[in-house]
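Take each chain as given, in its own frame, and dock them per the hints.
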Amino acid sequence: MNSTPPPSPTPNADPRADDNQQDSASAGRRPIDIVNAGLKRRYAAEKRFRFMGATAVALGLTFVALLFFNIISNGYTAFQQTYVQLPVYFDPEVIDPDGLIQAGDLNADEINKELIRVNFLKLARDALRERFPEVKGRSAKRKLYGLLSPGVPQQLREMVAHHPELIGERRETWLIADDDVDMFMKGRSTPVKRIDTSGSATIVTVPSSDDTLQIISSGADFNVVFERMRTATPTDKTTADGTTLDSDMPSYLIAINHGLVKVESITAHDITGQVLLPLKNQDPATPRSWELLELSNPQSARRLKDQELAWVLSLKDAGALKKRFNTLFFTQGSSREPELAGIGGAFMGSLFTLTLTLLFSFPIAVGTAIYLEEFAPKNRWTDLIEININNLAAVPSIVFGLLGLAVFINFFGVPRSTPLVAAMVLTLMTLPTIIIASRAALKSVPPSIREAALGVGASPLQTQFHHVLPLAMPGMLTGTIIGMAQALGETAPLLMIGMIAFIVDIPGGFTDPSTVLPVQIFLWADSPERGFVERTSAAIMVLLTFLIMMNLLAVLLRRRFERRW
Amino acid sequence: MSHNRPMTMPSAVSKTLLEHADTNPGSPAVNFQAEAPPTDAPPIDAPRERPMTTIAATAVQPDVIPRADTKTATDSSRAFSSTLGDISCLNPRMQCRDVDVWYADKQAIKNISLDIGRNEVVSMIGPSGCGKSTFLRCLNRMNDSIPSARVSGSIKIDGQEILDKHVDVVPLRARVGMVFQKPNPFPKSIYENIAYGPRIHGLTNHRTELDELVETSLRKAGLWEEVKDRLDQPGTGLSGGQQQRLCIARTIAVSPEVILMDEPCSALDPIATAKVEELIDELRTNYSIAIVTHSMQQAARVSQRTAYFHLGDLIEVGTTEQIFNQPQHRLTEDYITGRFG
Ligand SMILES: Nc1ncnc2c1ncn2[C@@H]1O[C@H](COP(=O)(O)OP(=O)(O)O)[C@@H](O)[C@H]1O
Ligand SMILES: [Mg+2]
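Protein chains in written order, with the working numbering: chain A, 464 to 1028; chain B, 6 to 346.
For reference, chain B alone in the conformation it holds in the complex (with noise of 0.2 Å):
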């Protein structure tokens, strides 16, 4: 894999490039550059390489496209060496350092080092396939349903290593919830959905109890007054907005200290990722948030952090308002402006 590591080359020629792709659908060129950004689709492997290969390639024979292009940048801007910005914060709830990710022989994720702040959320951002569910989804180990998922490096929560094979992965999830980008409420009844995750880990004594925990958590997630009336009702009879916000107070009834969010409104409409974002803003003052998200807007508006995603790489991590006005990173800024993925 020795062409996974992007060279140097003249920025001026790959931007070229990209810009050709953007602009001129129907030469061979685009046709290639046009699978570029890769979508979520079934790991298959040339779809990955491709990128990769394409700025190698590109780097060794730079007088194909003759063009120059108005904006000059230097040298090194679209190599990648280390995660550009500060990938600590002042109060981290969760520390990650040098991960990696594979699946069977293909490596996902490289080297991620990132902190999660306590009340704070982090968005990541990149191009589909860059590893950000993968990296996300180690941090409550789902990745440990995939067989051929192997993880390696740390990650630690208040200081405990939890990527050790003998971290009881229970407790953990309890820890740290997850929302996913589908709803995928239970096919039981709201309550149940609900009722579920406290019942199984014995967190109230009392059906009383269990009822004002079922009311808190659709209260936070500003579901309540919608679904009150008929907590007996499937929760998959609900409109694709509710039964997201559902997931999340499904999440939120285990008391965790980490939410995960993995894209959860790219199946929403805007009026219902509306209601989520807000929601994300609320829940920050007790959890700490990670999101990946697709939208840049988004990131922009929920997050304090925002970490960007390249190819397996993280690029660059910073304050939402400093990535989103003055990225270091050139593939941040083509991301960013639109450029790329």
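The following block holds chain A by itself, in its conformation from the complex (with noise of 0.2 Å):
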């Protein structure tokens, strides 16, 4: 900010300056005038002054502004899951081969003892093959059961459990999707580009192979794709005549009567493909009737091949597929798939850590600065601990992590990856903010209110709780919140107790092993699968979410101590 040249005088010092001539000069200068004269000039300075703020300020929230956008435009996807529609059989054969459950004389616990033996993963596999008969093959299967989220069988696990007379009956359910599947359908996986057809197509059946086609078009759609590739993307299969596609360029699809036929080579009125789902009759198509898709991004870049994709487009053309709000994103701990990773056990742990830092800091640093404020002799000793004080503010919080470390859980033996040994670590890391903002809002407080109560008989502990102690109250809160904000969002200092273990359950007190919203999303920022991206921005913003609250919070608790004058 130093931009001003450093030889210009200040505005004070010149008139003075010329005072000083004057008087030999001319006495007949003014004072008002020689005020006058360096008006011009102290006013462009306010005015730069100003400037200077002012795009301090606008340079500061365009940041911000542009944060937001970021965190959120990334984020706020995670807060819906594609869920999809099966028609799923509660074969009671499967889930309750004894009748123990149809019985109905077992109580909520009996029944979820018996349901974890059974093998709710066969339900799920039974009810996506009888939506796709034509499925045949090991790995074809395997792709096809890809399509729903290993999470599936624990839902309808807990589906059952909570609903013991599903069994035996057939349901439409909505079943967790595959995170890749979620990414299609949040548009993150490839483009699909509609384009319509001007002519009626043949279907001629290729005698070679049965699930191959060959499709001639009377109108002039192939030729439009062939010209775009011919120039584009040509290989070293691409003759004037027709080329044959590979998995690095745009797939194309054909849809046709109910079918879906993936373009295998092409040649200016027709082409081969391969059928991805089954035709419901080999009839010629009147134009517009079918039409030709692009997915443009090559299938070699995608997780979803054309075959799984062909799957996920009849399902969501049948309006199967469908984006609900993500409640597992709230309520599940974390897991290795993103779309049963949850920010709930991150929350829980935040919670528990927080709630245990502000205990262990908040009395013991409000302590402190009120005895070194107020009662402490002022000597050697007091103005070393003073000092170290300030000093400890300054210490990188990756040091108090090793410090929990040898001495909280080598040396004193506190469970590691817990709540209450993060709360230890952050407690110690806190205090010094909270006691130098305390220590500061008890000097604000005028002395004349000490002698006041001083002055009626108040001993000095009646003195600083009845009088001192309220008026300091809302520094001290502002501080605490500074400090639990500081807590809410360090990492580094529980890297180095076990926080960042991975911990699927959510805690459910203070020495269950857990982790914290940051290192939480330290460690998914980590993750490749693209489903933890959005989970990533998404946790961000409940961590901001968190930490608005306590601010707004501390403002609600710092009106009502002020309300009371």
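Please note that a few of the clues may not be correct.
Okay, derived cross-link-like pairs now, DSS-like style, lysine-lysine, Cα gap no bigger than 27 Å in a straight line [to be verified]: (1) A:Lys656 <-> A:Lys743; (2) A:Lys841 <-> B:Lys111; (3) A:Lys906 <-> B:Lys111; (4) B:Lys111 <-> B:Lys161; (5) B:Lys161 <-> A:Lys841; (6) B:Lys193 <-> B:Lys225; (7) A:Lys599 <-> A:Lys841; (8) A:Lys768 <-> A:Lys743; (9) A:Lys576 <-> A:Lys656; (10) B:Lys115 <-> B:Lys161; (11) B:Lys111 <-> B:Lys187; (12) B:Lys193 <-> A:Lys906; (13) A:Lys604 <-> A:Lys779; (14) A:Lys906 <-> B:Lys115; (15) A:Lys604 <-> A:Lys786.
If you're looking for bench data, these hints aren't it; they were derived computationally from the structure.
Now the structure itself:
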């Protein structure tokens, strides 16, 4: 900000220099003239300063806006999750072969116990096979099963546990889709372009193989595609007559007669392709009753291959794929599967940790501040303590993590990865912040209040607790909230004490292994799956919301205390 | 601190100097003298020491100022050896003997002995920084909260020593209440302001008793009629004069025996001042009152006895009438007649 050239004298110094000259030369210049002469420069300086201030504020706001835009645009999709609707048959033979549950004299616990051994995966797979009966062969089936999340058996188990009357029924059920399907539904896999057709199509079976078809169009539909390919992505198989597509080119599918054919080779007026979804019939199709789909992302760059996409598209067209509000994200712990990974565990971990941190640090810090500020004798020892408290505030937080590891875990045997040990470490870290803020708050209480209390015979402790503390409380709370916000966002020291461990369960107490929001964000940001990218941003949103709520709470508390004059 | 004791010197000389200072603002001597009456400003060494130096310096070089003064005076008129007048009184509530106070290495008051009688108002006057507040604060040991302050000597209330380390200051302050220069009501309701003292001392058993005590205290302070409808509103919302009377009410709510007032009216307008003075006069029937004031008229109006302080010394004590009409010491006279301070 020191952009002004240093030799320029301050507005104050100038008139005085003038004054001295004038004294000897002409005494006629009145002080007001000197003041007026300096005014212009003063106003200019003021304007410059205001401009710089406004620029700084605008810059700051821009970056905040950018940050929020980036996080929200990346993360808002995580609040929705794709579900697949499938006809699930709750087969009594599989779920309840002995009829124990159906007999109706088991309580909830016993039902749960019975259900643990049940192979719900089979039910889900049966439902998928029923939906796509044409899928044959082990590898094709495995791909088909991959459309559903590995969390589906658990989902079905819970459904049955809550509604045992489902056993024996056939229900259209919304099941959790795999994260790849989810990504496709959120447009993060490949765009699908629909190209209208102008000619009528004739279907010719290719005798050599039963899942290959030739489609001839009476219009120029294929020519358009072919020309584009010949110029844009020619391969050594491209000739003037036609070309063969490979997995590094965009995929083209032909939706015709309720089936899907994948284009394998193309000429100006016909294509040959593999049937991905069986056609209802082989009748010729009128113009516009069939269409050409372009999957712009080449197959090799996608996790969902053309066959899987064909199933997904068919489900989608049938209305059996839907994005719904992602409750799992808020209720589940972490998981290796993005679609099952939730922030619930980390949120509870953060909540437990912060609660303990607050319980530990607030009384200690306020006590320390009061003692040092009001009671301690001013001598070399208290000076030393004061300096060290200020120094502690500047210690890199990872050092506190090392300390926690060495002292709390290794020496005192506090269980690692728990909110308890995290809170102890974070307490050490936040103490200086709160102490410094609290001392400043105490200092700002007018001494006349202390005198007044002492004057009517209050003891020093009563003076503190009845009069000084209530007045200092808003400032102390502000300091505490700043400290807590720091603690909430802290990652480094927690890595040292095992909070980085992969923990699926939601912690139920202060000594359960758990993780916390920032560490969870750190872990997810490290995961390669696309699904975790949006979840990372969503988790950041949750963290920020948490922070904003805390700050709101602080403001409210402060208002409350301030209203007591 | 050898120069702390004023030296014998021709009074005419220093008188000239003083008058000179009053009439001739602009000469270098005045710049020097203008600082002589130290203000209540922060305790810096320089301004406090200077008046002494001035007097001493003049004493050494008497011929610097040739002009003789019209008014004659004895040689020792400005020297201080011991307090003039009768420091004791007939019916003392508090008896102070040889009280010294140091702030760190600096002695703020020296050898002060003074009685405060029952049912009387003792006023303490003197230029700023002469140690009036310091002395007053000794009487209920408010100086305890200043880490650098050291008090020696003897102060007794009803024959009981209070300067002893083992004396509990809490009951002492219940007996010796204090009203400060700046009104400092608690940032709580008017009711709470009054009720706080009795409550912490356990003076009342029931809410109704407390209510009564609050009312009587406010009545005694002449504030009841003004605030009875808004007892639950903040005390800080009152006007300055009302706040000061609230502070007085707060002090008398714990039924002290002595009330110390440190320039209680310095922040008030004349009307509020008149009210407070009236109040002080009424309170005299039940309490002993020691009041520090800057206004000589006020001292004359409210007090029965007056003590004149000068640079840490208690120069003269006497009935108010005597101090104002026939001051015995030259310094007192200068101050009373407005030639000093
Ligand atoms: N807290 C303190 N620390 C150090 N010196 C003080 C303190 N309070 C007062 N003094 C000094 O003691 C002297 C007497 O002060 P004070 O009693 O306040 O004077 P007065 O009330 O008569 O104006 C002054 O010189 C002042 O600077
Ligand atoms: Mg004073």
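Now for the hints, and whether the structure bears them out:
With a CA separation close to 23 Å, the supplied pair lysine 656 of chain A and lysine 743 of chain A stays within the 27 Å bound. Taken as a hint, the lysine 841 of chain A and lysine 111 of chain B pair is honoured in the structure, with Cα atoms around 19 Å apart against an allowance of 27 Å. Annotation: proposed proximity of lysine 906 of chain A to lysine 111 of chain B holds, straight-line Cα distance about 26 Å (limit 27 Å). For a cut-off of 27 Å, the pair hint linking lysine 111 of chain B to lysine 161 of chain B stands: about 25 Å separates their Cα positions.
Annotation: proposed proximity of lysine 161 of chain B to lysine 841 of chain A is violated, straight-line Cα distance about 30 Å (limit 27 Å). With a C-alpha separation of about 21 Å, the suggested pair lysine 193 of chain B and lysine 225 of chain B falls inside the 27 Å cut-off, and the hint holds. For the hint linking lysine 599 of chain A to lysine 841 of chain A, the alpha-carbon distance of about 86 Å lies beyond 27 Å, and the restraint is violated. Using a Cα cut-off of 27 Å, the hinted pair lysine 768 of chain A and lysine 743 of chain A holds, with the two alpha carbons roughly 23 Å apart.
Note on lysine 576 of chain A and lysine 656 of chain A: the hinted pairing is violated, with a Cα-Cα distance of about 49 Å set against a maximum of 27 Å. With a C-alpha separation of about 18 Å, the suggested pair lysine 115 of chain B and lysine 161 of chain B falls inside the 27 Å cut-off, and the hint holds. For a cut-off of 27 Å, the pair hint linking lysine 111 of chain B to lysine 187 of chain B stands: about 26 Å separates their Cα positions. Restraint check: the Cα-Cα separation between lysine 193 of chain B and lysine 906 of chain A comes to about 20 Å, which is no more than 27 Å; the hinted pair holds.
Proximity of lysine 604 of chain A to lysine 779 of chain A is assessed by CA-CA distance (about 19 Å); at most 27 Å being required, the pair is judged to hold. Distance check on the hinted pair: lysine 906 of chain A and lysine 115 of chain B sit about 32 Å apart at the alpha-carbon level, beyond 27 Å; violated. Note on lysine 604 of chain A and lysine 786 of chain A: the hinted pairing holds, with a Cα-Cα distance of about 24 Å set against a maximum of 27 Å.
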